[in-house]
Amino acid sequence: MSRFTYVCKPGLLIVIFTLLLAACSSAPAEPAGKEAANPKPAEQTAQQPTTKKFKGENGEIEVPAQPKRIVAITFLGDLLALGVKPVGAGSLALENSVLLEKELQGVVNVGDVSMEKVLELTPDLIIVPSYLPAENIENLSKIAPTVSIVSSGFSGGDPLEELKKIGSLIGKEAEADAFIARYKQKAAEAKEKIAKVIGPQETVGSYSIWAKNIWVWPTGRDANYNLLQMFGLKPQDKIKADIVDTGQAKDISLEVLPQYAADHMFITVYEPAGGKERAKELMEGPVWKNIPAVGKKHVYLLNYKEFWMTDGLNLEKQLDILVKTVGAGN
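Using UniProt numbering, the letters of the sequence shown correspond one by one to residues 1 to 330.
Hints were generated in silico from the structure; no laboratory data involved.
Careful: at least some of the hints might be erroneous.
To be verified - Straight line, CA to CA, 30 Å or less: simulated DSS-like cross-link-like pairs of lysine-lysine: (1) K212 x K191; (2) K184 x K212; (3) K240 x K297.
Claimed, not checked - Here are the simulated distance ranges between beta carbons: (4) D245 x P200: 16 to 26 Å; (5) G285 x K53: 24 to 34 Å; (6) S114 x K85: 14 to 24 Å.
Using N, Cα and C, we set each Cβ at its ideal position, and we do this for glycine too.
Produce the entire structure from the sequences given, and follow the hints as far as they go.
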């Protein structure tokens, strides 16, 4: 009996040891569900989509989720407000965004619009205003995804809504919200200063003298967005009825200018093609001199290139100019 016990013990130990080794080597893998629920940072990045669908005025376009090389025919103030510098821009916007000269250094001028220059820049996204001819948009689409967006400066729309749309397009929604909050805060501070010069019952108007035109602007053009929307100033009655309420600019004659004259008049002069000379002639004539705002020195001349673009960063910089121009800086 003792001999049987002595022989069996080593065999039993060997069996137990073998079973333990097998158990260790065949330990079950971590459930796939648990791993999927807790992906590693590198795997998270890999799973993020590289493109998305965006609905522009030219239809639903597949665009980069995070574009790196943008050519923008306009909307430069919006892009800069979002912290994005385009690689190329249209000549009209680039040459008339003088307030953004420092921020736009190095941006290539693609003219109006040179397909060759755009192609050389190898963009991954092209942003165009909806007024660009359809043929141009189609040709640009052969170079890179091209999205058409309504320009508030030409449509009379809200430039802050335009900014939000650009932010949504390029994945900068948070930056758009942050800029708008900053801009509105600065506008509120400017409004307090402006109120020292322009009373709540006094009216304002925004006008532009060209060689053959006298334009009266709606809310989205020149100084009017800041004057009417941000400062809450009162538009002159006829301007409100004929222009602000319709959202359409109006070209008026010199003879009817007194009917549209506000208590405080903000004037730009479009100097090319004889505009400068026309303004000088007009301001030396009897019709102009008999306008009450002229006699009270409530006419404020603004640089047309500083107020041509009314998008994003341009709007913010124009606040300081308006405060200084009306003498409300202190």
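Verification of the hints:
1. K212 x K191: 34 Å, violated
2. K184 x K212: 36 Å, violated
3. K240 x K297: 23 Å, holds
4. D245 x P200: 16 to 26 Å: Hint holds: Cβ distance 20 Å, inside 16 to 26 Å.
5. G285 x K53: 24 to 34 Å: Violated, since G285 and K53 (Cβ atoms, about 57 Å apart) do not stay within the stated range.
6. S114 x K85: 14 to 24 Å: Since S114 and K85 have Cβ atoms about 20 Å apart, the given range 14 to 24 Å holds.
Violated hints for the displayed structure, listed by number in ascending order: 1, 2 and 5.
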